[in-house]
Structure formats: C-alpha cells, structure tokens
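Student: Sequence:
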Amino acid sequence: MSTVTVPRTQPPTRRPVEHDMLLTALPHPIIVLGEENRIVYANSAAEAFLSSGIALLKRLKLDEVLGFGCPLLALVDQVRNSGSTVNEYGVEVAGP
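Per my numbering: the sequence shown = residues 256 to 351.
It should be emphasised that the hints constitute simulated quantities derived from the structure, not laboratory data.
Do not rely on the hints blindly, as some may be mistaken.
What the hints assert, rightly or not - No more than 20 Å apart at the CA atoms, straight line, and that leaves these computed lysine to any residue pairs for SDA-like: (1) 313 / 274; (2) 313 / 336; (3) 313 / 291; (4) 316 / 336; (5) 316 / 300; (6) 313 / 296; (7) 313 / 275; (8) 313 / 299; (9) 316 / 299; (10) 316 / 306; (11) 313 / 284; (12) 316 / 284; (13) 316 / 332; (14) 316 / 276; (15) 313 / 292; (16) 316 / 295; (17) 316 / 280; (18) 316 / 288; (19) 316 / 330; (20) 316 / 268; (21) 316 / 350; (22) 313 / 276; (23) 316 / 327.
Treat the numbers as computed from the prediction; the structure is a model and nothing was measured.
Construct all of the structure, not just a fragment, from the sequences and the given hints.
Tutor: Written out as structure tokens, the structure reads:
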C-alpha cells in the first residue's frame, strides 16, 4: 500500500483591514464623536452631507454643525446616557 503525500499549502496571508477605506466606501454619512460630542471622524459621505471637510469638522462639536433643537442631538444624548443602541427613522437634520 502506497501513501500519497499532499503538500500543505500556506493559508492565505491576512492583510490588516483599512477601516478608513471601509468607512469611506459607505454611501451613508458616518460621524464619530468624542468627548463633549466633538467630531473626531467623518467619512466622505458625511463631509458631503454636512458640506464641510474633515479638517473643519474636527474642530467642531456636533451641536455647532446641526441646527438648534435638531432631534439627532437628543438621540446622541440618549445613547450616551443609556449605553445602548437607538434606532430612529424620519429624523430631519438641519444645519445651524
């Protein structure tokens, strides 16, 4: 009885994920907030939506970008206070 040796193939090498490339490719605005709701990241869809580049957005807080009383601000506070996910549909977003 003969045995056949099958050479082991190397598993494909994993490349690090470029998170920025993934977020930039999304068609929806993505904004990441830091402490005091300061904008720390915005993808290109968010830049287009807010009509501002990331260099300017990083110097601002969310309430400086959105209009007074915008319901999105209350939703952000709700997430920060509860630590849970919130879904809301039909939210109108307006600039200052």
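Student: Does the structure break any of the earlier hints, and which numbers would those be?
Tutor: Result: hints 2, 14, 17, 20 break, sorted rising.
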